[in-house]
Amino acid sequence: MTSEAAPDLTVRIAGRQFKNPLGVASGTFGFGEEYAGLTDMNSIGALFTKAVTPEPRAGNVPPRLAETPAGMINAIGLANPGLKMFLREKVPVLQSLPCPAVVNVAGST
Amino acid sequence: MSVEHTRGQARILSHRAVADGYKEMSLSWSDAAQAIPKPRPGQFFTLLPILYPTPILRRPFAYSDADKTGFSFIYEIRGPATRDLAKADIGDEIDWIGPLGSTFPHPPEGSRPVLVAGGIGLGPIYYWARFLAETGLKPLVILGARSKNLIPELEWPENLELRICTDDGSMGLHGTALVGLKPSDMASAAFYTCGPHPMMAAVHQSALDSGRPCWVSLEEMMACGVGACQGCAVAVGDGTYKRVCVEGPVFNSREVAW
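First to last, the protein sequences are chains E and U.
Mapping the first sequence onto my numbering, position 68 (from 1) lands on 70, and the numbers just tick up by one.
Mapping the second sequence onto my numbering, position 253 (from 1) lands on 340, and the numbers just tick up by one.
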């Protein structure tokens, strides 16, 4: 297959176009800065951030991880720095990435 | 954002048993290592399991040595991933990410470094002990193990004091690593410890009782190893959590919620 014949992998979700359907799911890529130097962010269709809540959350009491034969399960507990710090410290990093970021939000009643 | 670690491939240069159930592996650097600082004592790296994708998670190991030619680590054959790793041959390639995490801080002026290791905690303590010995400090190194057959055969420099303790008395002093601590060691000690949690907690308590500084190298299950997932969190004294992979693995023992 020549480069001219490369398949079109673009997808549209909610009116936004993504260059491919590969998204790194919530929690696997933190807030986008942790994998700098390890991953070509140009190759990713979208980064889904860790959950952001209005107030900071410390997360669950450890242990938080268990590996299984098929992968792993975790219960991190929505640990995040809260909306204020997210806007101040994380958003500028996300805006500097070559791929779009989808912000994962969580709340409670 | 600064990047102080990278991913590379290493080739196994040597792979030997150093005690019952413990092996030491030495690997050559790849070109990728030119872009990163030399790993310092206390830091760690992660390896892709040798038969990936099972198990799926990378495994963290502390450096036991690093120089221009490559790096080494000591590991215990404990589960499926390390059982597979133990079968790796000289010349095999291994995928690594490193160096990661915090380092042992230099001992305060006028203090004598006292290093206490048990079990798999030996690797980073071995690296730190030789680093300190090279700088002219004469560290006291205390090794604890259940029995003589679990004390790794390693080359130690002459300008350090080594005390071995075994639970069954088959080698060195009879008792836990804490038996190796004499009252006269306490006054000027700067403690560094890595190993089983009860041993580290006891060393921390000794440091607290004698008003001396103490740093601990903690071990936790990790998923990402680079700070993204927050799976390796440990409780700290103010009721929050810190990540062993980024803020640790080396912590001031007074920070940790024991």
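No wet-lab data here; the hints were simulated from the structure.
Don't take each hint at face value.
Restricting the straight-line Cα-Cα distance to at most 20 Å, the calculated cross-link-like pairs of lysine to any residue (SDA-like) are [unchecked claim]:
#	chain 1	residue 1	chain 2	residue 2
1	U	Lys235	U	Ile251
2	U	Lys329	E	Lys21
3	U	Lys329	E	Glu57
4	U	Lys329	E	Ser98
5	U	Lys329	E	Val63
6	U	Lys155	U	Thr222
7	U	Lys225	U	Ala274
8	E	Lys21	E	Pro71
Given the hint that U:Lys155 pairs with U:Thr222, test it: the Cα-Cα distance must not exceed 20 Å. holds, 18 Å
Are the Cα positions of U:Lys329 and E:Lys21 separated by 20 Å at most? violated, 36 Å
Given hint U:Ala274 paired with U:Lys225 - CA-CA distance at most 20 Å: Between U:Lys225 and U:Ala274 the Cα gap is close to 15 Å, so the pair holds against 20 Å.
Holds or violated: are the alpha carbons of U:Lys329 and E:Ser98 at most 20 Å from each other? At roughly 26 Å apart (the allowed maximum being 20 Å), E:Ser98 and U:Lys329 break the hint.
Going straight from one Cα to the other, do U:Lys235 and U:Ile251 come out at no more than 20 Å? holds, 9 Å
For a C-alpha distance cap of 20 Å, please report whether U:Lys329 and E:Val63 respect it. Satisfied, since the Cα-Cα distance of roughly 12 Å is no more than 20 Å.
Does the alpha-carbon distance linking U:Lys329 and E:Glu57 stay inside the 20 Å limit? holds, 18 Å
Please verify whether E:Lys21 and E:Pro71 have alpha carbons no more than 20 Å apart. Cα-Cα ~33 Å, so violated.
In summary, the structure is inconsistent with hints 2, 4, 8 from the numbered list given earlier, while agreeing with the others.
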